[in-house]
Amino acid sequence: MRDWKSILLCATMLTAFLCPADHACAEVGIDEHLGQTIPPDITLLDEEGRMVSTGDIINGPTIFSLVYLGCRKMCPLLLRGEAEVISGLEQKPGQGYNLVSVSFDENDTPEDARKARGIYVEAAGLAPESDWKFLTGNKESIDRLTEALGFRFERTGDGFSHVAALIVVSPKARIVRYIYGIKFLPFDIRMALAEAERETVGLSAKGALLYCFRYDPEGKRYVFNILKVTGTVTILSAIILFAYLVRSSRKRREEQGGDADE
Amino acid sequence: MSENTSYLVSTGKRRGIAAWIFSTDHKRIGVLYLVSLISFFLAGVSLGVLMRLELIAPGKTIMEAQSYNATFTVHGVIMIFLFIIPGIPAALGNFILPLQLGARDVAFPRLNLLSWWIYITGAGLAVLALFGGSGPPDTGWTFYAPYSIKTSTNVTLALFAAFVLGFSSILTGLNFVTTIHRLRAPGMKWFRMPLFPWSLYATGWVQILATPILGITLLMLIFERKFGVGFFDPSKGGDPILYEHMFWIYSHPAVYIMILPAMGIISEIFPTFSKKTVFGYSFIVFSTLSIAGLGYLVWGHHMFTSGMSDTARWIFSLLTFLVAVPSGIKVFNWVATMYRGSVANDSPLLFAMAFIFLFSIGGLTGLINGALSTNVQIHGTSFVVGHFHYVMFGGTGVAMFAGLHYWFPKITGRMYSETAARVSCLLLFVGFNTLYFPMLIMGWLGMPRRYYDYLPVFHKWHLTSTVGSWIVALSIIIMVLNLIWSARKGTPAGANPWGGRTLEWSIPSPPPVENFIEIPKVRRGAYEARERG
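Here the protein sequences come in this chain order: P and S.
Read in order, the letters of the first sequence are residues 4 to 265 in the working numbering.
Read in order, the letters of the second sequence are residues 126 to 658 in the working numbering.
Rather than coming from a laboratory, the hints here were simulated on the basis of the structure.
Some hints could be false.
Using C-beta positions, here's what the derived DEER-type ranges look like [to be verified]:
1. ASP34/P - LEU606/S: 51 to 59 angstroms
2. SER90/P - TRP242/S: 52 to 60 angstroms
3. PRO189/P - GLY453/S: 32 to 40 angstroms
4. ILE602/S - ILE243/P: 45 to 53 angstroms
5. GLU643/S - LEU244/P: 28 to 36 angstroms
6. ARG158/P - TRP242/S: 55 to 63 angstroms
7. ARG465/S - GLU87/P: 31 to 39 angstroms
8. ARG75/P - GLY505/S: 44 to 52 angstroms
9. LEU551/S - ASP134/P: 51 to 59 angstroms
Where a beta carbon is used, it is the ideal one built from N, C-alpha and C, also for glycine.
So here's chain S without its partners, still in its complex pose (with noise of 0.2 angstroms):
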């Protein structure tokens, strides 16, 4: 076996899959990620599309109310704690981390096993939520008490399933952290590190402060189920409200543990296909850093209507509009990055600026969203789900398939179908403003979210966008079909078929198990030519 053996040969004592799930190669790890991930959203999306055939005409159409509640909530928990907060970190992060840095590995090799063996342990405990006991639980994700703590579904199964998870995400949020810190190239200086690890560095942080938040809420809301303690119930004397605050001071942050890591992507796609360097790398570091830091103060926005004094709820207005400004910084130095570029086509690009896009609407909408004015207008209509969307799938999720279009070829050693990349690209920013819109135009009228009925006015609106989840179906099965078949039988990649500057374009693809057999040393900025070393 030379050096130059590929990760995907197993030489190990170990053979099949034991070869891999008891790997501790971060590039292993990162595929059994992103394996798992993909399988969940794919759930996740069978679910959303069940939902948009029952709301295809009024009235009861395929399932009964309480089915759509539960409906809505398991699609909710696979999409939030399955797939999209553990998305771009665990998978392409965990892949790619450590070859931008020029490290053999993550700090924690271990670690990094250990967390993703608590990912699958709280996957199948939520699993376990909906299949076993009381039914699956009913109460939206964002498990709102005190309903939470009088329905008899099964909710506390499903809390500490979010519970075990919230772990996994901190443990891979401190390994990302160290490894950063110290596993650097030698001469890689802190503004010479490519951009997503940047944005992993400030995901990392965001990760270790908020999550344990989240994990003694949902203590104390199973404590209150459970022992009946009064926490939040206002009939033992509890509050609501603050249940409300505690889910939201995680949960808001953890929606930049989402943006963050996808806006990472992008500043790598965009170079790349330019064939220059980045448009104000410092600026985009620092926007990068600010969101981060800005994320902790703005949860309050989820709760304009909840009661809450006019002081807190401008306040929490005004830090809401100060997140847009980073936001905006980066969308115009994507975009400046690509003038005067010599601009490839291919399709990471074209998901990249279908980002740029969709990310422009869920951003613009958010700050409709974050006006108090309006807030109180729009809150729990169909809107607020149209916008989240915009962000979490038009944002982060179209950003994750930007990035795997982009990496393939690294992480396989294959070139996909770029004709079928392409359909599915265009399939999917066609059918997701299908999808998606109307819910914004509905919302606007005064659809509430989470109803499985409504009045006929909206019939037209709910038609169109059931239609659009079609084509969005359609376009991810394009796409997962694509880079299956890739995987197995596309043509040989090579090392760097996109002309990338980082360095993991500088070693074989598939990389060696090693990574570098020689640890580079870096003597220029990220996405500076070679060249002119």
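Here chain P stands alone, though its shape is the one from the complex (with noise of 0.2 angstroms):
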């Protein structure tokens, strides 16, 4: 009986979580759109307020980072991410390859990207004029790149949700390769690079999507109830199995006694 009602117990508290799933996430996210190519005629305003096209910065194997300047959560931790990896590489940015972070939103200025540059410029160890771009761009232009790029964000309350990645275009502006998370390995980024130089499409590491505001402790709390409930019927069925047998078996052989004959 006592299994049955533990059982029982589980199965309520599973169905507990057959709750409609939240769908504004569905928004959010990347398609990947390996293999195609970025219009070169998308304009956007470097640190200084002039007008760049897409078709100037891509002239040879360029990685993308796609952040808003305002947010305070997970785009200052993928640019740190980028900085720590870029300042463990021995060819640096500007030498073979072009780094690129474009702000997705267009109330961000040349003076917001002129001050990120800086800090991040410094944190990867690299000379201050040298090549990282933050880029900003009116509404349309962001559309058009963020599309090309198969980046889907959406605004939320005084932010945005968004994924963390890096997208790596080759120099003819074929997208190569996306690398996900806001960690990355010195070695995903030279492989990246040597295929972009190569127009080779490589597979993108489906690494862990990490989402911005999607965090839900209330649900996590949930899970650990489960986890409990089950680690101590186990436990306890356990502890109880033992005490049976440890019982059991000393009256077994109290009752052979010295005559050890079955």
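Put the two chains together into one complex; each comes in its own frame, and the hints tell you how they fit.
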């Protein structure tokens, strides 16, 4: 009986989770557009407010990261991760490849971009005038660029919901690889750049997709309850089993007494 | 039919294969397991050889990236869930345990048969997952969320297969624990019990306690895939790190389900081939129990780079280091057993010595993994792959081969070719180090695991490793052929070819159906000489 009760309890707890899932997130994510090209005529603004086009920027293997500059959560982690991995590479941006961060918040200004650039160029241990571009743009350009890259984001409250990833583009503006996450291995970056150089489209590391603002401590607590229930039931059953085995074996031996014959 | 009829002769109303697959005789079930396990092992080896072949040169060699992902997943799933976790307990344990205890069978013979059937069902489902539906799983054997939730490959069925296999494991554990408590021969006190049953006893408890966690974890993952419940997917408010915790809460103790029985076999072989009692019997017993206990508390060391508090990380690191202590005690005791013994260099001992060498490398590289600072450097590299192959294959695999050569005369009643056994052992040892040592080096230099392609700097190491895989494959072919041939044509071995002192050697080979015509009375420790009584 006791076992049946615990099974019932677990079953009830499990069904408690069958509530409708939060579908808002379906809008956020990345559709991998591997092998597709980015139109050369998307115009953006550099840190000095000068117009640059995607055709000008992509003159070699290029690593894009999409962020918004008012972000206090994941974007700084992404950029830090990028800075960290770049600082470990022998080949620096500008020497055979480009590093470009684009803001997808149309309210960000070249002024904001200049500040961000200062911070992360220093974090990466690069020379101040080196080639890590921080670009901004108007709504139309941003939409065209993010669409070409397959990057879907959504405005939520005072921020955005989005995915953290680096997108590697070949000299001919073809997307060759998506590298997900906020921490990167130098190996992945070197490999991706080598592939981009050769115009080889890679299979992306489909690692953990990280989402902003989508963390639900409430749900986690319930899951822990399931764990506690299962754990307690398992350990209790094991203790009861052990006690039973010890007692019954002793009784059996006593019954046998000194005479060991069965 | 006399009482001495061998278990190999079918006497009941069932004939042919039915007399085997419906038998409740622990010896027949042991052989059933052995045959199934070795078949899966050979399948896993073939996949491993294919992976090494892909990595022989940079770039695509024989398969696409996606096929490579599927290959290493299937290799892992087969080797872990179908071979090495059931491995020694289900095959050799089933056969030998009641014989060593002086019992006629295990405590629940029907449950024993049921657990084999569950195992075969689980294995069937796993095979179905590989060939049916939308392609073989490509997640790695760990099924890490959230990718395992998002991938379109046949993960659900593979998860269900692992879930079913878990039941088989629990039932075997339960059966052995009860057998050891209740069916020891009269006079066999706990500390007169041989060390292999001790290791199965500790393993049994780990199976009973840890496997349900895997069950619930896999069920949650299946729920999440099928019904979109947000346990582990961050986009639904779940926590992928939680999956890693729950997975490793089982899967680390599972490492001890794999290695403890292996240590049990080695503890049997050294006294027999040194012609003396084991050195430090009670130390080996307590180290077995403490490994089983500590094994529950170290899972976090798989996740040092996943995101955990620093306090949790150093505690897990410390506990991991503690496991090295009882493991070290065992290694010293085995070696000390040989000291001043009359050592007979037969192939089981050669395999056992290969075990000590390879397991020691596995254990010491384990400390490199367990130390926080070095772990961050080598996490996710082929160093880790090298390390766990040294422990799992060099440890458990080689110990299973040692046990197989040790008990082969008892199981089949025949002796194998000693020369072929020695050749296979030597080739295995050489090939093994050629195959896996380069992985340690490459990993240290930064070669990530699970990649089908690599930078040219790693080429020479990959090439060496691939050549090693051929030597290992050759040694396994020689070994399997030797054993299959000898099972049919070998010379009769006699009851006790090695001069073993435990109870299984006191009955004929192959054992009669009822094992012991008269249940023996035990008056001395397991490895003490008979004459002294």
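Comparing the hints with the structure gives:
1. ASP34/P - LEU606/S: 51 to 59 angstroms: 53 angstroms, holds
2. SER90/P - TRP242/S: 52 to 60 angstroms: 58 angstroms, holds
3. PRO189/P - GLY453/S: 32 to 40 angstroms: Cβ of PRO189/P to Cβ of GLY453/S: about 36 angstroms, so the range 32 to 40 angstroms holds.
4. ILE602/S - ILE243/P: 45 to 53 angstroms: Given range 45 to 53 angstroms: holds, Cβ gap about 48 angstroms.
5. GLU643/S - LEU244/P: 28 to 36 angstroms: 31 angstroms, holds
6. ARG158/P - TRP242/S: 55 to 63 angstroms: 57 angstroms, holds
7. ARG465/S - GLU87/P: 31 to 39 angstroms: Given range 31 to 39 angstroms: violated, Cβ gap about 58 angstroms.
8. ARG75/P - GLY505/S: 44 to 52 angstroms: Cβ of ARG75/P to Cβ of GLY505/S: about 29 angstroms, so the range 44 to 52 angstroms is violated.
9. LEU551/S - ASP134/P: 51 to 59 angstroms: Given range 51 to 59 angstroms: holds, Cβ gap about 57 angstroms.
Taken one by one, the earlier hints fail for this structure at numbers 7, 8, listed in ascending order.
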